[in-house]
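Trainee: Each chain is listed here by its residues.
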Amino acid sequence: MANSSVSKPKTVEVRNSTTTQPMTTMSVLAPALGWLIPGAGHLIQKRWIRGLLLMFSITTMFFLGLAMQGRVYRPNGGDILDILGFVGDLGAGGLYIVTRVMDWGQGAIAHATADYGTKFIIVAGLLNFISVADAYHIAIGKKP
Amino acid sequence: MIMAQMILAQTTLELSHFTAALLFSLFASIVFGITQRNDAREQIRYGLYCFAMFVGGVFAAGWVMWLLRR
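Each protein sequence line maps, in turn, to chains A and B.
Here the first sequence is numbered in the numbering used here, starting from 1 and rising by one per residue.
Here the second sequence is numbered in the numbering used here, starting from 145 and rising by one per residue.
Just so you know, the hints here were simulated from the structure itself, not pulled from any lab data.
Certain hints may be false.
To be verified - List time: in silico DMTMM-like cross-link candidates among lysine to aspartate or glutamate, alpha-carbon distance up to 20 Å: (1) A:LYS46 - A:ASP79; (2) A:LYS119 - A:ASP103; (3) A:LYS143 - B:GLU158; (4) A:LYS142 - B:GLU158; (5) A:LYS143 - B:ASP183; (6) A:LYS46 - B:GLU158; (7) A:LYS119 - A:ASP79; (8) A:LYS119 - B:ASP183; (9) A:LYS119 - B:GLU186.
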C-alpha cells in the first residue's frame with residue numbers, strides 16, 4: 001500500500017534563544033567580588049542575609065579544612081588530579097590567595113583528618129563557584 | 145593575620161568521620177539552599193532537604209559498608 005500522503009513541510013518556529021543580557025557594571029562587579037570574598041557578590045547587591053550565610057559557610061568550611069591540616073594544591077601539580085584539586089581550591093578566590101601568600105595548607109598527612117581537610121578546602125572553593133554564579137544571576141535580574 | 149597563622153600552625157583539628165560529614169552537610173546545604181531556589185521559604189525547605197539527604201546518605205553508606213564487611 002503506497003503511502004500517498006504528502007509530507008507537508010513543517011513550520012518550525014525559530015525563537016531567538018540567544019538573547020544577550022545587557023552588560024552592566026553590577027553583572028561584572030558582583031561575580032568578581034563574590035569570587036574574591038565569598039558572599040560579597042550578594043552583599044554588594046543588598047542581599048544581606050544570603051551574603052552573610054554564604055560568607056560564613058564557605059569561609060568556615062575553608063578554615064576548618066586548613067585547621068584539619070588539609071593540603072592546598074599548587075598550580076604546577078603535574079598530576080591530573082592535582083590540577084583538578086587546584087581548580088577546586090582556586091574557587092575560594094581571596095581565601096586561596098591569602099593561604100598561598102601565608103604559606104598555609106602544607107598538609108601534614110600524618111593525620112587521618114588531613115584528607116578530610118583537603119576535601120573541605122576543595123569543596124569550599126567549588127561552593128564559592130556556585131555562589132559566584134548565583135550573584136551573577138541576581139545581577140542580571142534572572143533571580144530575585 | 146599573624147594570630148590566625150599561629151593558631152593554624154599549632155592547632156590540628158581532629159574530627160571524627162561522622163562529625164566531619166555533619167559539618168560538610170551543614171555548610172553545603174546552606175549554600176545549595178540559597179543558590180538553587182528563589183524564594184526564602186523554598187530556600188529553607190531545599191536546604192533542609194539537602195541536609196536530610198546528605199545525612200541519610202551517610203547512614204545508608206554506613207549500613208552498606210557494614211553489610212559488605214560481614
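Trainee: Each of the hints needs a verdict: does it hold here or not?
Mentor: Hint-by-hint comparison with the structure:
The straight-line distance between the Cα atoms of A:LYS46 and A:ASP79 is roughly 41 Å, outside the 20 Å bound, and the hint therefore fails. The suggested pairing of A:LYS119 with A:ASP103 holds, with an alpha-carbon distance near 18 Å, which does not exceed 20 Å. The hinted pair formed by A:LYS143 and B:GLU158 fails the criterion: a straight-line CA distance of about 39 Å is larger than 20 Å. Distance restraint check for A:LYS142 and B:GLU158: the Cα-Cα separation of roughly 42 Å exceeds the 20 Å cut-off, and the hinted pair is therefore not satisfied.
With a CA separation close to 9 Å, the supplied pair A:LYS143 and B:ASP183 stays within the 20 Å bound. With a CA separation close to 37 Å, the supplied pair A:LYS46 and B:GLU158 exceeds the 20 Å bound. Taken as a hint, the A:LYS119 and A:ASP79 pair is honoured in the structure, with Cα atoms around 17 Å apart against an allowance of 20 Å. Between the alpha carbons of A:LYS119 and B:ASP183 the distance comes to roughly 30 Å, so the proposed pair goes past 20 Å and is violated.
Distance hint between A:LYS119 and B:GLU186 is unfulfilled; the C-alpha atoms sit about 28 Å from each other, more than 20 Å.
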